[in-house]
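A.B. asks: The residues making up each chain are set out below.
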Amino acid sequence: MRARLRQWYARWLRRRIPPAQRVALDRRRIFIFPTGYGFLFLAIAAMLFIGGINYENNLIMAFSFLLTSLFVMAIFHTYRNLSGVVLRAGGQEPGFAGGRGSLEVVVDAGDRRWHRSLWLRWPGGHQRELSVGPGEEISTLLDLPLPRRGRVDPNRLRIHSRYPLGLLRAWSLVDLDHRCLAWPRPLPGGACPASGGSTDQGQRNADAGSDDFRGLRAYVRGDSLRLVDWKAYARGQGLNTKLFSDPVEGRRWLDWDQLPELAPEYRLQRLAWWVLELDRQNTAYGLLLPGVVLDPGQGPNHRRAILEALALYGLGEGD
Amino acid sequence: MARVYQVPRHAMLWMMLAVILAGLPHVITGPAWLGGLLVGAVLWRWLIHRGRLRMPRRAVRLALLGAMVGGIFYHFGTLFGPTAGVSLLVGAFALKLLELFRLRDAYVVIVLGYFVLATTFLHQRGALAALYVLVVLAVVTAALIGINQPESGGRARDHIKLAGVMLLQSLPLTVLLFLIMPRIAPLWSMEADESRARTGMSDSMAPGEVSDLSQSDELAFRVTFEDEAPPRAQRYWRGMTYTRFDGRRWRQGGLGESWRTRDLFFPGRGSPPQWWEQWRDQRARPTYTYQVVMEPSRRRWLYALAVPFSETEDVGVARDFRLLREKEIDSTFAYRVTSYPEMPRDYRLTERQRQRNLQLPAGFNPRTRARAEQWRSDAATDQAYIQRILDWLGREQFYYTLQPPELGRNTVDEFLFDTRRGFCEHYASALTFMLRAVDIPARVVAGYHGGEANPLGDHLRVRQRDAHAWVEAWLPGQGWVRFDPTAAVAPSRIEYGLDRALEEQGSQGAGGVLDNLDQLPLILQMGYLSDYVEFAWYKWVLGYDQGARLELLTDWLGKVNPVRVGLALTAGLVIIVLPLAAWILLQRRAPGLSVWQREYWRMLDLLRGEGMRVHPGVAPRDLVERVARRNPSAAEALQTWSRDYERLVYGPHPGDRAAQQRLRRERRVVRRALRRR
Numbered sequence: 000m001r002a003r004l005r006q007w008y009a010r011w012l013r014r015r016i017p018p019a020q021r022v023a024l025d026r027r028r029i030f031i032f033p034t035g036y037g038f039l040f041l042a043i044a045a046m047l048f049i050g051g052i053n054y055e056n057n058l059i060m061a062f063s064f065l066l067t068s069l070f071v072m073a074i075f076h077t078y079r080n081l082s083g084v085v086l087r088a089g090g091q092e093p094g095f096a097g098g099r100g101s102l103e104v105v106v107d108a109g110d111r112r113w114h115r116s117l118w119l120r121w122p123g124g125h126q127r128e129l130s131v132g133p134g135e136e137i138s139t140l141l142d143l144p145l146p147r148r149g150r151v152d153p154n155r156l157r158i159h160s161r162y163p164l165g166l167l168r169a170w171s172l173v174d175l176d177h178r179c180l181a182w183p184r185p186l187p188g189g190a191c192p193a194s195g196g197s198t199d200q201g202q203r204n205a206d207a208g209s210d211d212f213r214g215l216r217a218y219v220r221g222d223s224l225r226l227v228d229w230k231a232y233a234r235g236q237g238l239n240t241k242l243f244s245d246p247v248e249g250r251r252w253l254d255w256d257q258l259p260e261l262a263p264e265y266r267l268q269r270l271a272w273w274v275l276e277l278d279r280q281n282t283a284y285g286l287l288l289p290g291v292v293l294d295p296g297q298g299p300n301h302r303r304a305i306l307e308a309l310a311l312y313g314l315g316e317g318d
Numbered sequence: 000m001a002r003v004y005q006v007p008r009h010a011m012l013w014m015m016l017a018v019i020l021a022g023l024p025h026v027i028t029g030p031a032w033l034g035g036l037l038v039g040a041v042l043w044r045w046l047i048h049r050g051r052l053r054m055p056r057r058a059v060r061l062a063l064l065g066a067m068v069g070g071i072f073y074h075f076g077t078l079f080g081p082t083a084g085v086s087l088l089v090g091a092f093a094l095k096l097l098e099l100f101r102l103r104d105a106y107v108v109i110v111l112g113y114f115v116l117a118t119t120f121l122h123q124r125g126a127l128a129a130l131y132v133l134v135v136l137a138v139v140t141a142a143l144i145g146i147n148q149p150e151s152g153g154r155a156r157d158h159i160k161l162a163g164v165m166l167l168q169s170l171p172l173t174v175l176l177f178l179i180m181p182r183i184a185p186l187w188s189m190e191a192d193e194s195r196a197r198t199g200m201s202d203s204m205a206p207g208e209v210s211d212l213s214q215s216d217e218l219a220f221r222v223t224f225e226d227e228a229p230p231r232a233q234r235y236w237r238g239m240t241y242t243r244f245d246g247r248r249w250r251q252g253g254l255g256e257s258w259r260t261r262d263l264f265f266p267g268r269g270s271p272p273q274w275w276e277q278w279r280d281q282r283a284r285p286t287y288t289y290q291v292v293m294e295p296s297r298r299r300w301l302y303a304l305a306v307p308f309s310e311t312e313d314v315g316v317a318r319d320f321r322l323l324r325e326k327e328i329d330s331t332f333a334y335r336v337t338s339y340p341e342m343p344r345d346y347r348l349t350e351r352q353r354q355r356n357l358q359l360p361a362g363f364n365p366r367t368r369a370r371a372e373q374w375r376s377d378a379a380t381d382q383a384y385i386q387r388i389l390d391w392l393g394r395e396q397f398y399y400t401l402q403p404p405e406l407g408r409n410t411v412d413e414f415l416f417d418t419r420r421g422f423c424e425h426y427a428s429a430l431t432f433m434l435r436a437v438d439i440p441a442r443v444v445a446g447y448h449g450g451e452a453n454p455l456g457d458h459l460r461v462r463q464r465d466a467h468a469w470v471e472a473w474l475p476g477q478g479w480v481r482f483d484p485t486a487a488v489a490p491s492r493i494e495y496g497l498d499r500a501l502e503e504q505g506s507q508g509a510g511g512v513l514d515n516l517d518q519l520p521l522i523l524q525m526g527y528l529s530d531y532v533e534f535a536w537y538k539w540v541l542g543y544d545q546g547a548r549l550e551l552l553t554d555w556l557g558k559v560n561p562v563r564v565g566l567a568l569t570a571g572l573v574i575i576v577l578p579l580a581a582w583i584l585l586q587r588r589a590p591g592l593s594v595w596q597r598e599y600w601r602m603l604d605l606l607r608g609e610g611m612r613v614h615p616g617v618a619p620r621d622l623v624e625r626v627a628r629r630n631p632s633a634a635e636a637l638q639t640w641s642r643d644y645e646r647l648v649y650g651p652h653p654g655d656r657a658a659q660q661r662l663r664r665e666r667r668v669v670r671r672a673l674r675r676r
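Chains B and R, in that order, are what the protein sequence lines are. FYI, the numbering for the first sequence is 0 to 318, going by numbering that gives the first Met the number 0. FYI, the numbering for the second sequence is 0 to 676, going by numbering that gives the first Met the number 0.
Chain B extracted, bound-state conformation (with noise of 0.2 Å):
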């Protein structure tokens, strides 16, 4: 019963508020109740009202109405801090499977006024307040729980607020269509599976390898910081990245059929932790799935593809 009321709820809640990358909580989208708090404001007007009549003094009244109407006026209020804001989907911060990682989304004023003390959340994450300024946008990265690997539905965006008077609470529950990437969770342990692939020599001309030093280039933004050569930046001479060459050797392939013992599940993370301990030990390497061939290479890019790759792998997911 509750299952399916919930269902019926996720229904009608989807009809109502489809799934964009980009919404503006308007009328449709904006739900409005009192809190608690303003339960008791109610309460406190009602007792003032009684004690008005009782002891016939229509001040005590009239200040119960005016404490009636304050709450009136604070519906509108509290709808409009709410209304016209547009919340668009941004970037997103991967993370392990079993950790958290971050969705980033950008809080647009999308009218020309003060939207304040907006609280946003993915459900499991962390809550994050901020205001925006007339024709202003803020964007915010939120953490939610990433419960498998993947791309990790994060569910309905929770943004409310009870600006100004904390009597109501306006909120809406936005489905941004956003994923975030979560990346097998790391087994550690095991030898390297790793094959030599000599098959590949020659086709490959990285350009950041590991071993022998090669030359100098500019830095360019991805590269690794620890390929920086910083003495020379010490003596003034502008950030640049030293180069080596990779020994045959020394180019690694990650692959899957070195695991035979593994369910395929497991072979991933062991895959994964064997990615970070490779990228640690600044050796390049690569990564052979059924299906999937990926250049050996180095550096926080390559890792990220890497693990992208181990992320999605068999889920239908291919982008």
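Source of the hints: derived by calculation from the structure; they are not laboratory data. As the structure is a prediction and not an experimental result, all values here were calculated from the model. All residues carry an ideal CB built from backbone N, CA and C; glycine is no exception. Among the clues, some could well be false.
To be verified - Listed next, with one range per pair, are the computed distances between beta-carbon atoms: (1) R:P181 to B:A42: 19 to 29 Å; (2) R:A657 to B:L238: 50 to 60 Å; (3) R:A369 to B:E55: 27 to 37 Å; (4) B:L12 to R:G610: 21 to 31 Å; (5) R:A618 to B:V219: 26 to 36 Å; (6) B:H125 to R:Q586: 27 to 37 Å; (7) R:Q545 to B:T139: 51 to 61 Å; (8) B:A42 to R:L549: 49 to 59 Å; (9) R:R101 to B:A42: 47 to 57 Å; (10) B:T139 to R:R57: 34 to 44 Å; (11) R:K160 to B:E55: 48 to 58 Å; (12) R:R299 to B:A42: 31 to 41 Å; (13) B:T139 to R:R661: 40 to 50 Å.
As the list claims (entries may be wrong) - Chain R regions said to be covered by chain B (calculated; three or more residues, Cβ under 8 Å): (14) 108-122; (15) 423-436.
Since chain B is already given, all that's left is putting chain R on it; use the hints.
C.D. replies: Quick look at chain R alone, frame taken from chain B:
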């Protein structure tokens, strides 16, 4: 040690101010040390906020709380009842500041603040007090806004601005609720202060008592006439008739059970007695309709011009042509009266009435009796006799004074023949005595005379110093006729009022030189103004009771029934809340945008409406590029707009109205081009 919740810095000022300002009125009525507690707690909290002190431990807080409760108990002897209860609340309110551990605690402080603020009205009910409360309400609300904005970007003055705006927006709805919501009778009885003394005319009168009352400037009642007010000389506000005389003191006669059933009638309750029906048939023009707002007198008597008819609830009419109320008037009370001054009063007297109005104690005032009998036998008619007395009073050396000498056993004799100095009660008493002595039914009437017009409020103020006593005699064929012996002695008392009369008689008023200060034009004006505000405040706020509500609603709705009131409330809600909601929700521009900025924003809105993602800050010419990719014909129109826009905004010649209109036209062309696609 619990982690201390940090009240956001921008909210701190309002929080501290709220506690001090909301507590302040209670410091005046409660124990003085409450003020110290309030200031001390705020100071302590401030030092905690600045990191100079730590939050007090639980034991310290409990000790403070115990001391506070004990102090309240010591001061009031109880912890219950409105006054002690409110002091307790204020104390808890102050101490709660030392217990702010979570956001929830801050909320509690604010809710207590609202409550404490409302209880101000238990003791203070003036317009100024209400204004004060409204201002403090804005401060408390600003604190509430502040704690709801934890990020550091908030600014303190934004909070008070928003609080002010929200309160102003709340006022129309408040007024509507105030006017329309039914006033229910108290659910259970509560006694406010019982200690106030009775003021005003008393139930009996002895020489020297009215003149004492005349030293007081206090307000007795206010009157608003619906049309014209009668001239000053005719404004005799009747309150009581004294029929029983014991040689020294005049009292009201026969207020027993038989009087209650026979001579008293509350319109609307039961069938009217015969005498009242007669009155009703004899009503004649002219009429005066007016509302009297009476200050609490803690007596039942109401004041009105002769002959009064009133339909106000709880107001009864007595057979001696006066009004009274069922209960004592212990808070300001308003009633409406229609008076028929020319109406004949009692063509016939019953034997009982006749006897009552002829009663005289034997063995008093032999000289006066002798004089009366002699003069009556000289005069042809009762009228001639009365006229002779009045002429005599005016001609002889009688003085009208606030400091009459004391009188011995035969008060009337001594006054008429020896001292000849007296106030209105002396004259009224003497004349009544002389009439009764020769078998003319007569009585002393006590009330007020005159009243000072407040030009601002269109109302009269009748003060205690206007207290007066005069005489009514019953003459065959005429009924009761008013005679005012004071008018014979000091005509200006009737024409111009007490001050003028005393001045002419060569004696100073109550105080001395300072008394004349209030005759200075500016001070007089200020006095009028404050009196007017006070009066309007009473009439529309404090005294707006079920009766006034029904009157107003009848005016508006024709008939008052729950359905109509419900409809009126709904209609009022719609009329008031919808425009306010529209104002709050649809107000689209941030303050301070120039005409040109607005034009730019409108163009952005237009493009966004067509599904383009454009962000503020895009240069107009870049907009053209963006549009060109989607819709070349619209881009052409936009090109024209952006060229003119940039020329006007950045060019050497500032744009005028015509330029604005041209831009607007060009924007419309863009819109049409976009829609055509």
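A.B. asks: When I compare C-beta atoms, does the stretch 108-122 of chain R have three or more residues closer than 8 Å to chain B?
C.D. replies: Coverage by chain B holds for the stretch 108-122 of chain R (8 residues, Cβ < 8 Å).
A.B. asks: Between the beta carbons of T139 of chain B and R661 of chain R, is the distance compatible with 40 to 50 Å?
C.D. replies: holds (42 Å)
A.B. asks: Are Q545 of chain R and T139 of chain B spaced within 51 to 61 Å by their CB atoms?
C.D. replies: With a Cβ separation near 57 Å, Q545 of chain R and T139 of chain B satisfy 51 to 61 Å, so the hint holds.
A.B. asks: Between A42 of chain B and L549 of chain R, does the C-beta distance stay in 49 to 59 Å?
C.D. replies: At roughly 30 Å between Cβ atoms, L549 of chain R and A42 of chain B fall outside 49 to 59 Å, so the hint is violated.
A.B. asks: Can you let me know if the beta-carbon spacing of R101 of chain R and A42 of chain B is within 47 to 57 Å?
C.D. replies: violated (20 Å)
A.B. asks: Using a Cβ cutoff of 8 Å, are there at least 3 residues of the stretch 423-436 of chain R near chain B, or does the coverage claim fail?
C.D. replies: Coverage by chain B is violated for the stretch 423-436 of chain R (0 residues, Cβ < 8 Å).
A.B. asks: Determine whether the Cβ-Cβ distance between R299 of chain R and A42 of chain B falls within the hinted range of 31 to 41 Å.
C.D. replies: Holds, at about 40 Å.
A.B. asks: A range of 48 to 58 Å was offered for this pair. Does it hold for the Cβ distance of K160 of chain R and E55 of chain B?
C.D. replies: violated (36 Å)
A.B. asks: Does 26 to 36 Å hold as the CB distance between A618 of chain R and V219 of chain B, or does it fail?
C.D. replies: holds (31 Å)
A.B. asks: Is it true that A369 of chain R and E55 of chain B lie within 27 to 37 Å of each other by Cβ?
C.D. replies: Once the Cβ atoms are compared, 57 Å apart, the range 27 to 37 Å for E55 of chain B and A369 of chain R is violated.
A.B. asks: Starting from the range 50 to 60 Å, see whether the pair A657 of chain R and L238 of chain B falls in it by beta-carbon distance.
C.D. replies: holds (57 Å)
A.B. asks: For the pair L12 of chain B and G610 of chain R, does the Cβ-Cβ distance stay inside 21 to 31 Å?
C.D. replies: holds (24 Å)
Of the numbered hints listed earlier, those contradicted by the structure are 3, 8, 9, 11, 15.
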